[in-house]
Amino acid sequence: MLLLVLSSTCSFAQEVTTGGLAPALINDQRYNRAIHIMAMLLIGFGFLMVFVRKYGRSALTATFLLVSASIPIYFYTKGIGIFGSASEEIEKLILAEFGAASLLIAAGAVLGRLKMPQYILLGLLFVPFYMFNEWVVLGGGLGLIPAGTVVDTGGSIVIHAFGAIFGLGVALTMTTKQEFEKTIESDATSDRYSMLGSMILWVFWPSFCAALVTPEQMPHTVVNVIVALCGSTLATYLFSVSLRKKISIADIANAALAGGVAIGSTCANASHTVAMIIGILAGGLSTFGFAVIQSKQQKWMKLIDTCGVTNLHGLPGLMGGLAALPIIHGLNIQSQLSGVGLTILIAIVAGIITGKILPIMGRRTEAYEDAEEFLDAE
Amino acid sequence: MLLLVLSSTCSFAQEVTTGGLAPALINDQRYNRAIHIMAMLLIGFGFLMVFVRKYGRSALTATFLLVSASIPIYFYTKGIGIFGSASEEIEKLILAEFGAASLLIAAGAVLGRLKMPQYILLGLLFVPFYMFNEWVVLGGGLGLIPAGTVVDTGGSIVIHAFGAIFGLGVALTMTTKQEFEKTIESDATSDRYSMLGSMILWVFWPSFCAALVTPEQMPHTVVNVIVALCGSTLATYLFSVSLRKKISIADIANAALAGGVAIGSTCANASHTVAMIIGILAGGLSTFGFAVIQSKQQKWMKLIDTCGVTNLHGLPGLMGGLAALPIIHGLNIQSQLSGVGLTILIAIVAGIITGKILPIMGRRTEAYEDAEEFLDAE
Amino acid sequence: MLLLVLSSTCSFAQEVTTGGLAPALINDQRYNRAIHIMAMLLIGFGFLMVFVRKYGRSALTATFLLVSASIPIYFYTKGIGIFGSASEEIEKLILAEFGAASLLIAAGAVLGRLKMPQYILLGLLFVPFYMFNEWVVLGGGLGLIPAGTVVDTGGSIVIHAFGAIFGLGVALTMTTKQEFEKTIESDATSDRYSMLGSMILWVFWPSFCAALVTPEQMPHTVVNVIVALCGSTLATYLFSVSLRKKISIADIANAALAGGVAIGSTCANASHTVAMIIGILAGGLSTFGFAVIQSKQQKWMKLIDTCGVTNLHGLPGLMGGLAALPIIHGLNIQSQLSGVGLTILIAIVAGIITGKILPIMGRRTEAYEDAEEFLDAE
Numbered sequence: 016m017l018l019l020v021l022s023s024t025c026s027f028a029q030e031v032t033t034g035g036l037a038p039a040l041i042n043d044q045r046y047n048r049a050i051h052i053m054a055m056l057l058i059g060f061g062f063l064m065v066f067v068r069k070y071g072r073s074a075l076t077a078t079f080l081l082v083s084a085s086i087p088i089y090f091y092t093k094g095i096g097i098f099g100s101a102s103e104e105i106e107k108l109i110l111a112e113f114g115a116a117s118l119l120i121a122a123g124a125v126l127g128r129l130k131m132p133q134y135i136l137l138g139l140l141f142v143p144f145y146m147f148n149e150w151v152v153l154g155g156g157l158g159l160i161p162a163g164t165v166v167d168t169g170g171s172i173v174i175h176a177f178g179a180i181f182g183l184g185v186a187l188t189m190t191t192k193q194e195f196e197k198t199i200e201s202d203a204t205s206d207r208y209s210m211l212g213s214m215i216l217w218v219f220w221p222s223f224c225a226a227l228v229t230p231e232q233m234p235h236t237v238v239n240v241i242v243a244l245c246g247s248t249l250a251t252y253l254f255s256v257s258l259r260k261k262i263s264i265a266d267i268a269n270a271a272l273a274g275g276v277a278i279g280s281t282c283a284n285a286s287h288t289v290a291m292i293i294g295i296l297a298g299g300l301s302t303f304g305f306a307v308i309q310s311k312q313q314k315w316m317k318l319i320d321t322c323g324v325t326n327l328h329g330l331p332g333l334m335g336g337l338a339a340l341p342i343i344h345g346l347n348i349q350s351q352l353s354g355v356g357l358t359i360l361i362a363i364v365a366g367i368i369t370g371k372i373l374p375i376m377g378r379r380t381e382a383y384e385d386a387e388e389f390l391d392a393e
Numbered sequence: 016m017l018l019l020v021l022s023s024t025c026s027f028a029q030e031v032t033t034g035g036l037a038p039a040l041i042n043d044q045r046y047n048r049a050i051h052i053m054a055m056l057l058i059g060f061g062f063l064m065v066f067v068r069k070y071g072r073s074a075l076t077a078t079f080l081l082v083s084a085s086i087p088i089y090f091y092t093k094g095i096g097i098f099g100s101a102s103e104e105i106e107k108l109i110l111a112e113f114g115a116a117s118l119l120i121a122a123g124a125v126l127g128r129l130k131m132p133q134y135i136l137l138g139l140l141f142v143p144f145y146m147f148n149e150w151v152v153l154g155g156g157l158g159l160i161p162a163g164t165v166v167d168t169g170g171s172i173v174i175h176a177f178g179a180i181f182g183l184g185v186a187l188t189m190t191t192k193q194e195f196e197k198t199i200e201s202d203a204t205s206d207r208y209s210m211l212g213s214m215i216l217w218v219f220w221p222s223f224c225a226a227l228v229t230p231e232q233m234p235h236t237v238v239n240v241i242v243a244l245c246g247s248t249l250a251t252y253l254f255s256v257s258l259r260k261k262i263s264i265a266d267i268a269n270a271a272l273a274g275g276v277a278i279g280s281t282c283a284n285a286s287h288t289v290a291m292i293i294g295i296l297a298g299g300l301s302t303f304g305f306a307v308i309q310s311k312q313q314k315w316m317k318l319i320d321t322c323g324v325t326n327l328h329g330l331p332g333l334m335g336g337l338a339a340l341p342i343i344h345g346l347n348i349q350s351q352l353s354g355v356g357l358t359i360l361i362a363i364v365a366g367i368i369t370g371k372i373l374p375i376m377g378r379r380t381e382a383y384e385d386a387e388e389f390l391d392a393e
Numbered sequence: 016m017l018l019l020v021l022s023s024t025c026s027f028a029q030e031v032t033t034g035g036l037a038p039a040l041i042n043d044q045r046y047n048r049a050i051h052i053m054a055m056l057l058i059g060f061g062f063l064m065v066f067v068r069k070y071g072r073s074a075l076t077a078t079f080l081l082v083s084a085s086i087p088i089y090f091y092t093k094g095i096g097i098f099g100s101a102s103e104e105i106e107k108l109i110l111a112e113f114g115a116a117s118l119l120i121a122a123g124a125v126l127g128r129l130k131m132p133q134y135i136l137l138g139l140l141f142v143p144f145y146m147f148n149e150w151v152v153l154g155g156g157l158g159l160i161p162a163g164t165v166v167d168t169g170g171s172i173v174i175h176a177f178g179a180i181f182g183l184g185v186a187l188t189m190t191t192k193q194e195f196e197k198t199i200e201s202d203a204t205s206d207r208y209s210m211l212g213s214m215i216l217w218v219f220w221p222s223f224c225a226a227l228v229t230p231e232q233m234p235h236t237v238v239n240v241i242v243a244l245c246g247s248t249l250a251t252y253l254f255s256v257s258l259r260k261k262i263s264i265a266d267i268a269n270a271a272l273a274g275g276v277a278i279g280s281t282c283a284n285a286s287h288t289v290a291m292i293i294g295i296l297a298g299g300l301s302t303f304g305f306a307v308i309q310s311k312q313q314k315w316m317k318l319i320d321t322c323g324v325t326n327l328h329g330l331p332g333l334m335g336g337l338a339a340l341p342i343i344h345g346l347n348i349q350s351q352l353s354g355v356g357l358t359i360l361i362a363i364v365a366g367i368i369t370g371k372i373l374p375i376m377g378r379r380t381e382a383y384e385d386a387e388e389f390l391d392a393e
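Residue numbers (the numbering used here), protein chains in the order written: chain A, 16 to 393; chain B, 16 to 393; chain C, 16 to 393.
These aren't lab readings, by the way, just hints derived from the structure by calculation. On a predicted model such as this, the values are computed, not experimentally measured, just so you know. Take every hint as true, because none was put in to throw you off.
If you anchor each label on the Cβ, the simulated ranges turn out as follows:
#, chain 1, residue 1, chain 2, residue 2, range
1, B, SER257, A, ILE292, 50 to 60 angstroms
2, C, GLY94, A, ILE95, 42 to 52 angstroms
3, A, ALA386, B, GLU387, 29 to 39 angstroms
We put the beta carbon where it would ideally sit given N, CA and C, even for glycine.
The following block holds chain A by itself, in its conformation from the complex (with noise of 0.2 angstroms):
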């Protein structure tokens, strides 16, 4: 039994058994939930980002071209069994998407400071890094960790912090002094179709968790997705007004997610009171890191991180992959710390590099806008 349940939250579930379903029942079911976890990748994500100034054309754009160029890369890797392979397609194809999403995210950090040719590039290069790191972590990939040892069912660890550590990593090669004195500025009447985008996450979040866990684990899991961004949407809220005097839609937007990134890795397991905590927790981490480690961050790291994404995936993420420590019975706890350090040191390590290859395309210290790239932009 305990077997069964680490085994069924390994490389994100996709090994265990499927509840005696027939596949094409399965497929069904996992089918609908890939279609939505496509609407966040595009919808969600790419509303999320329309806050920049005078780059919502940049950011939509970019949203669909990271998402075109990462998924077929994705798929066709996977099935010719480089790290690691997938027999069915629609396990596959949820996978793609998992890399979708980590590696909008890893564009979050530098958006504004890239061409559309270079989003382009930067798919190319994510997408293996992610691969090599998600299987080492969750495949047994090297040897390094015993094949589902690791708990990440919803990717608190192997997605959102890898995605987030990963774009801190390109952000910080890229960051040169004229760029850090020249900010991204936002756009303030972008606000309703950032919290569109916030929405869109929002609702589809369960799905994400779920995807791949057994039809007996879906139910739980879901509640467990779904009390957790309550908890980080009531926690988000009195954080704000704590901490800023006045609410910010910014904050509402983005750290109202934060529950979905930390119940990640436990959120087949907790209890429905340990995911509203978790959710809670997350929430206010969250909203601390953009009202007040942010600007901090700056400073110290010399980078600019144009979303947030640190607050929003890196330190909600590692908070979930550790808070299994405590919440999982039975858990090879040397197994989730090797897991979050090792993802933290390959996510670094390929950033860094990746950032170092994206100047080839050309370099810019001034932050884009629409009208460089797009016809009739304002």
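Got chain A sorted already, so can you dock chains B and C onto it with the hints?
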């Protein structure tokens, strides 16, 4: 057979046989509908309410807070068996979402008159009253109406009418002479956001009404909901242009949905032709409400119903509950009438009580604007 | 086996075996796709068309009316057995949605030239012609093409090409010299709404193409649709920037979807690599159409195609129908060519007839604006 039909529509049909399918299959079918309903709650209701002038951030944040506060409360309360119980997690989740929908309707009546923490308090006060009414009308609570004898599959009575009348009760107590003179202004440029909210509600409405019906009833039910919505949409256009000379986009965004409200009670039972007729009548009634009744109601009842929930949810909801009388053979007429009557009574009393409690957290007579509670608001 | 493949793609595959699953399971699987398609119809098509200057309210209301008029008509007509029959309710609903999609494509060609009641009339006239063509090409109607020998699973021919050519027929008759001089202007600030519509269409397109395939065919089909869309999205970016120097956001919002149009006929049969190639070619063809052909077409054919449906649905739709010739082994080539030819013929004749009838309700040469039919419009 008769018994089966009746029991299948009681208490939103949740006690009914599930057609011989395995529980995991029923849960998956309901899960997809639960996610559709979540999209209605956050994006549908949220963006439909983004029409109050300079109040877009507040409306969307209030939606987030109302949903995040009410769903866990309902879920936990039902879990410990107060006001009836439910054994399956996804079923409980859907029932909690129904409660959140009713709460959002109630909040629509006083939108723009509450501060953010008051929306949370409204949620805390609303949920127990809502659960009490649901239990009394559908679950046989207090022994007033035999359990399962009121037909309200899609919630015309206990969700829509209850929420609207509760909201009127709150507005009745909270509207003073000063507020009455300082009306809520609408924002002429937010029409496309309202239409987005409206379309999200329209698209996913079949999942709302069919959320808990049996697999055998589902196809007939969803087609009924869709033709009712088609009927109300066409009728709204015809009535809007007839009553006002030109079309009001607010009529289209709101009254087009009245078919979904009114078909709720009989969605599993009516024929498609009858469903279309109910939709047309509901669309006409609702548009007449917005175009003609609303201004008279404000003077007569001395209250402001910000979102016009009387016309979208109140009147069509009552119409839907009463439509069961001629439509459903073998209906317990006394029960159905008692269900409608008790809902009106409980909702108005509960609303008035809530309207007396809410001002504890402060009271203002002028309409709120984003700038008072949000940073950098226009 | 060959017979099975062919019959499985006929008449949108609805007569095919359902893989041994219980009807209730098939209905549920199809139901979720039916809701996805409804999101495409209202939100996808609706917001994609919100680019005409000062015509946003009209475009969204027209979408509502076209869908609300056409779905019940198709449903009832099919129910009484005219132009073929269908026994299952969800199947009939999906077929009705396919008809509504084709109608919205046709309406896109004359958007901004019709008053609201004329859109309803357009729907009333379109549906019988559409059903007639569907019956002749896929259902063996009139005995012209043996039933089930034309491969068009996702409707490249009978949905996309038919709708676009019908729309051109209407535009051809209705465009006079004066209209030709007073062009439809686009609204530069509506780009984010158009991208929202485009992304909704992109996300749910796999459900459109796989709506009626067997459970066994579903995984391969949906992955084909997704890689085709990825291919057309990347190709659109490359062609847009190559042909115009800067990217046109209208190209991105429209031509990125051409892969979904073109993969329609062969989505259940092509390999993933071939699907990607079809997507890339379709994206390139469509972008070339918008960037180069459209202005020439206007002069040559003396018509205005408001939404450019020729380039998004017409050319890629025909390309998709013909792509079956080299791709599908054992294809009845004569049938496939007859299907394409008859669709072109029926669509153009029906469109011209409709274009003669529509002016009965009034005729104007200037572009319409919201303010003429809507209250409080800008």
